[in-house]
Amino acid sequence: MKLHDFFKRIEPDKSNKFLHTTYDAFYTFLFQPGEVTHGGVHVRDGMDLKRLMVQVVLALQLCYLFGTWNIGHQHFVAQGLHEGLLEGLHLKIAYGLIKIIPIFVVTHVVGLGIEFIYAANKGHAVEEGFLVSGALIPLIMPPDIPLVWLAAAVAFAVVLGKEAFGGTGMNIWNVALLARVFIFFAYPTSIIGDEVWVAGMENIGSGVFQSQEYGFVYGIFDSIFGAAGWSTFGEGTVMAADGWTGATPLRLAATGGWENVTANYSVSQMWWGVIPGSIGETSKPLIIIGMIFLMVTKIADWRIIVGGLLGFVACGLFINGLAPPANEITENTPAIFQFMAIPWYYQMIMGSFLFAITYMATDPVSATSTARGKWIYGFLIAFIGLIIRVLNPAYPEGWMLSILLLNTFAPLIDHYVYAGNMKRRLKRTTQMAKVREELITSKQQTGSEILSPQNA
Amino acid sequence: MINHLIKRSYGPLVVLTVLLSQSQAATGWGNFLLYGLGGIAVLLFFFFLTSVADNLLVIESKAVGADKTGANLGLFPRFRELFGRRKPDYLLEKHLYDLKKGYDLPLEGEAADEIEEAAKVTRYAIQPTNFIGLQPIPKMLVAVGDSVKAGDPIFFDKKMDRIKFVAPVSGEIIEIKRGAKRSIVEVVILADKEQVSRKYSLPDLDGDRQELVDFLLESGAWPVLRQRPYNVIADPDVAPRDIFVSTFDSGPLAADFSLLVKGREEAFQKGLDVLNSLTDGLVYLGLDGRDEEAPADAYAEAEGVEKRYFRGKHPVGNVGVQIHHIHPVNGVDKVWTVGVNGVLLLGELFLKGHYNSSRVIALSGTPLDEPKHVRTYLGANVGELLDGRVEGGLAGNRIISGNVLSGNQRSADGFIDFFDSQLTVLLEGDKPELFGWLLPLKARPSISPTIPNLAGKMEATTNTHGEKRAFVVTNDYESVMPMDIYTQQLMKAIMVNDFEGMEGLGIYELVEEDVALAEFACVSKQPLQQILRQGLDVMREQS
Numbered sequence: 000m001k002l003h004d005f006f007k008r009i010e011p012d013k014s015n016k017f018l019h020t021t022y023d024a025f026y027t028f029l030f031q032p033g034e035v036t037h038g039g040v041h042v043r044d045g046m047d048l049k050r051l052m053v054q055v056v057l058a059l060q061l062c063y064l065f066g067t068w069n070i071g072h073q074h075f076v077a078q079g080l081h082e083g084l085l086e087g088l089h090l091k092i093a094y095g096l097i098k099i100i101p102i103f104v105v106t107h108v109v110g111l112g113i114e115f116i117y118a119a120n121k122g123h124a125v126e127e128g129f130l131v132s133g134a135l136i137p138l139i140m141p142p143d144i145p146l147v148w149l150a151a152a153v154a155f156a157v158v159l160g161k162e163a164f165g166g167t168g169m170n171i172w173n174v175a176l177l178a179r180v181f182i183f184f185a186y187p188t189s190i191i192g193d194e195v196w197v198a199g200m201e202n203i204g205s206g207v208f209q210s211q212e213y214g215f216v217y218g219i220f221d222s223i224f225g226a227a228g229w230s231t232f233g234e235g236t237v238m239a240a241d242g243w244t245g246a247t248p249l250r251l252a253a254t255g256g257w258e259n260v261t262a263n264y265s266v267s268q269m270w271w272g273v274i275p276g277s278i279g280e281t282s283k284p285l286i287i288i289g290m291i292f293l294m295v296t297k298i299a300d301w302r303i304i305v306g307g308l309l310g311f312v313a314c315g316l317f318i319n320g321l322a323p324p325a326n327e328i329t330e331n332t333p334a335i336f337q338f339m340a341i342p343w344y345y346q347m348i349m350g351s352f353l354f355a356i357t358y359m360a361t362d363p364v365s366a367t368s369t370a371r372g373k374w375i376y377g378f379l380i381a382f383i384g385l386i387i388r389v390l391n392p393a394y395p396e397g398w399m400l401s402i403l404l405l406n407t408f409a410p411l412i413d414h415y416v417y418a419g420n421m422k423r424r425l426k427r428t429t430q431m432a433k434v435r436e437e438l439i440t441s442k443q444q445t446g447s448e449i450l451s452p453q454n455a
Numbered sequence: 000m001i002n003h004l005i006k007r008s009y010g011p012l013v014v015l016t017v018l019l020s021q022s023q024a025a026t027g028w029g030n031f032l033l034y035g036l037g038g039i040a041v042l043l044f045f046f047f048l049t050s051v052a053d054n055l056l057v058i059e060s061k062a063v064g065a066d067k068t069g070a071n072l073g074l075f076p077r078f079r080e081l082f083g084r085r086k087p088d089y090l091l092e093k094h095l096y097d098l099k100k101g102y103d104l105p106l107e108g109e110a111a112d113e114i115e116e117a118a119k120v121t122r123y124a125i126q127p128t129n130f131i132g133l134q135p136i137p138k139m140l141v142a143v144g145d146s147v148k149a150g151d152p153i154f155f156d157k158k159m160d161r162i163k164f165v166a167p168v169s170g171e172i173i174e175i176k177r178g179a180k181r182s183i184v185e186v187v188i189l190a191d192k193e194q195v196s197r198k199y200s201l202p203d204l205d206g207d208r209q210e211l212v213d214f215l216l217e218s219g220a221w222p223v224l225r226q227r228p229y230n231v232i233a234d235p236d237v238a239p240r241d242i243f244v245s246t247f248d249s250g251p252l253a254a255d256f257s258l259l260v261k262g263r264e265e266a267f268q269k270g271l272d273v274l275n276s277l278t279d280g281l282v283y284l285g286l287d288g289r290d291e292e293a294p295a296d297a298y299a300e301a302e303g304v305e306k307r308y309f310r311g312k313h314p315v316g317n318v319g320v321q322i323h324h325i326h327p328v329n330g331v332d333k334v335w336t337v338g339v340n341g342v343l344l345l346g347e348l349f350l351k352g353h354y355n356s357s358r359v360i361a362l363s364g365t366p367l368d369e370p371k372h373v374r375t376y377l378g379a380n381v382g383e384l385l386d387g388r389v390e391g392g393l394a395g396n397r398i399i400s401g402n403v404l405s406g407n408q409r410s411a412d413g414f415i416d417f418f419d420s421q422l423t424v425l426l427e428g429d430k431p432e433l434f435g436w437l438l439p440l441k442a443r444p445s446i447s448p449t450i451p452n453l454a455g456k457m458e459a460t461t462n463t464h465g466e467k468r469a470f471v472v473t474n475d476y477e478s479v480m481p482m483d484i485y486t487q488q489l490m491k492a493i494m495v496n497d498f499e500g501m502e503g504l505g506i507y508e509l510v511e512e513d514v515a516l517a518e519f520a521c522v523s524k525q526p527l528q529q530i531l532r533q534g535l536d537v538m539r540e541q542s
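Chains as they are written, first to last, in numbering that gives the first Met the number 0: chain A, 0 to 455; chain S, 0 to 542.
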């Protein structure tokens, strides 16, 4: 192969560690090396970590596509412009790209940069773990996240969340969620509140919003779109549409129950994901496609996902049961009871539960290791997460916190599964010893084989 | 009132009454509900009646001891009988273990069902490294140039001087090959045309056990016995709890074990009798239940042993897996395992009074022109065995004594290992592939559904298909291991020297070949067999 020869020729000297590690990362990305097995098995499975990780990234592509469009769509709908789904499609996608590309680039430059430096210093190959973390982080951020904060969050997550523990495979908490939780606690203004979930809407005082001023980049797009005779961005600074708040369905539900939600969004909007929210978590059908893909390919463990769905339904019914009956709910009922009364199937399409249980909870490193543990783990994530969502007065969503909580307890769950296994095996051996005694006795008595139905 | 009734466990009755009264209130579907409930009550009544009968039958079968066969003596069919695979006739009324987990590597190059005499082989070797538990430099009893008969002692271990290791064939010692740190790796014998065996005076099988043990030690037949845990050479001072023999190999491209005993049925039975005299416990025979037809008569009709059928995918034929299901090993008991070749060797020794290490070996793998079985002796030279069988020579191929999962690499100068019945030739996979991880265009075996097997059987290579990483994926070892063992956790326990963990998680039950399939499937390309052996060595030192 000419290409391979070329790459072998430009291989840098090993004296420059960083350069060589970087070269190695790109070389192994381009080629599966011609390395052969030594000792142990002679044939190895075709699956490796790169392929495993890239499947998750593949499953996320639909969320990326939809998220890009939805950033633009929400932005224009907030101004009362291009309200049709396909109306101003070029503007929405251009706007989405202008928002999402910097987020994606900053995440990867910071995250991979740190990975490369650590790999060079420790003298091992660059590990693939950040492929998935880096694909997940942009999707769970609000579209207007300041890039400096994002960089700080990614650096925190990769250095303290992963490299401090020894790199890919050693971390205790989900890296992508650590990045988000960092922003959540360090810069809460950028991730809590109504207006943060729609890009480019600025508060100009006393709850009045107007859209951002379009800058240079938009001008370039405008000149292209204008030449093609399509609609353009224009100057910006358009006042928000009447009655627009930017609140997510969950915020509405927490303040006024289902009535309040349906006054702003229809069920089908929430199902298809045409609502404000983090970039990639709004569209339920696309997430479900990814979920099925990951379960069928066995990349994600189906037990966690199914356990999570069961836990969600169980907790949903439980909370519904605590709420006052539907016919007793009036406008004067406290908001929390109205929130609790929302049936579980509506709860499921409102927030980011499906995204979290599919992509965050199933991270094999931070989840439980055992099959039985995975059922418990998934179930508890959903159960606790829904409790945090509904009963927590400050912030109407709980998956980030509940998954990190269960990440912490995953080794404990596993510990008890292992202890159970040890006990069971011990018991079985004792039981078998008894069977053996009986077999020997019957062998001595009959002098022939053990009893069978024929000679019994 | 209602509370009181519920307290006296009339709860269901109350619910029924309430339902009935409601049903009368709601005209129209009231009758339907009433009849429905009546119908359910009648069904329940009959169900209880048959349940009682079923239980009585099971109790009765326990009383007469007929439940040990594993046959279903109850009235109700078991779930597996209704929905599982249909059992072939020969498996009816047999004790069958149906294992669900495992993976059969879809490899091409299986050896054909014919046996050829391996005429070209002249050199044979006994290799001290084949036996676990020996010191690197054994005490030699012969020198280069000596001529030996089959069964003449060659060396012994200084710490276990009663166990004699003997010549597999008669001939002249032509080389004593040394490896690292002057350890002895091969004692090579140039075989005579006419094979001569040492003469033995046989002890009585029904006599003193100690006498039998002494004879086996002195005769050189002892090394066919291996002891679990650790898979070391059996300790003569220990009486084993039970002895296990697996009569099939489920590994990739394995030899057909029915060919191994062809024409030697009598010797096999005699060998089993010897094993029976060696233990107060039981001799278990693991039989192949995977095929539509019963295994060879030598196995299926063997006498004086407990027969257990096994069905499933590899590693179902591993004796370790079978022990795990029949009666697991713990740290206290010792069990012995013997291969079919070992049983045959013992049998011939007691039947005819000579040392006959003749055995059938499968030559398999795609580089071979005609993969087939050959008859040769223990420790045959690899290069001579393969001479003229591989078109284009052996360059670019890897020769493996054993199978592709747990075998050992050999050069053309090397020899087949003591316990192996298989020689595999495998293509080296040292060519890089453009985007090989993303687009696996060339077929490769994999347990992952993301690499679907469209080719059926395929030609595998030795490529690692990726680089070594830390443990990331969980539960993948467990999905191919048909044992109740958390392999990954065990590996982690070994790596941190957690003795309690190793013991509790079942290190005593495993040897390298049992985790070989998990090592194959490992996404992180971890060397599980090597890690396990480290752990076993540590545990052995401790005990």
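If you are wondering where the hints come from, they were derived from the structure by calculation, not from laboratory data. Accuracy of the hints is not assured; some may be wrong.
Stretches of chain A that chain S covers, calculated by requiring three or more beta carbons in the stretch to come under 8 angstroms of a beta carbon on chain S [to be verified]:
1) 9 to 16
2) 27 to 35
3) 164 to 176
4) 292 to 304
5) 368 to 379
6) 425 to 436
If we take Cβ atoms under 7 angstroms as the criterion, some of the chain S residues that face chain A in the derived model are [to be verified]:
7) 75
8) 76
9) 404
10) 427
11) 428
12) 429
13) 455
14) 459
15) 472
16) 473
17) 474
18) 515
19) 525
20) 528
All C-beta atoms in this analysis are idealised placements derived from N, C-alpha and C, irrespective of residue type, glycine included.
Coverage claim, chain S over the stretch 292 to 304 of chain A, checked by counting residues with Cβ within 8 angstroms (three needed): holds (count 5)
Interface hint compliance - residue 455 of chain S to chain A, C-beta minimum distance less than 7 angstroms: Hint violated; residue 455 of chain S Cβ to chain A Cβ min 16 angstroms, cut 7 angstroms.
Minimum beta-carbon distance criterion (7 angstroms), residue 472 of chain S to chain A: With Cβ-Cβ at 5 angstroms, under 7 angstroms, it holds.
Agreement of hint residue 473 of chain S with chain A interface, Cβ distance less than 7 angstroms: Holds. Min distance 4 angstroms.
Residue hint residue 474 of chain S, partner chain A, criterion CB-CB below 7 angstroms: At 6 angstroms from the nearest chain A Cβ, residue 474 of chain S passes the 7 angstroms test, so the hint holds.
Residue 427 of chain S as chain A interface residue, shortest Cβ-Cβ below 7 angstroms: holds, 6 angstroms
Coverage of the stretch 27 to 35 of chain A by chain S, judged on three or more residues with CB within 8 angstroms: Answer holds; 8 residues pass the 8 angstroms Cβ test.
Whether chain S covers the stretch 164 to 176 of chain A (at least 3 residues having a Cβ closer than 8 angstroms to its Cβ atoms): holds (count 5)
Status of the residue 404 of chain S interface restraint (C-beta, 7 angstroms, chain A): Cβ of residue 404 of chain S sits 5 angstroms from chain A, so the hint holds.
Chain A contact restraint for residue 76 of chain S - C-beta distance below 7 angstroms: Cβ of residue 76 of chain S sits 16 angstroms from chain A, so the hint is violated.
Chain A contact restraint for residue 525 of chain S - C-beta distance below 7 angstroms: Hint violated; residue 525 of chain S Cβ to chain A Cβ min 9 angstroms, cut 7 angstroms.
Coverage criterion applied to the stretch 425 to 436 of chain A (partner chain S; beta-carbon cut 8 angstroms; 3 residues): holds (count 7)
The structure is inconsistent with the numbered hints 1, 7, 8, 13 and 19, although it conforms to all the rest.
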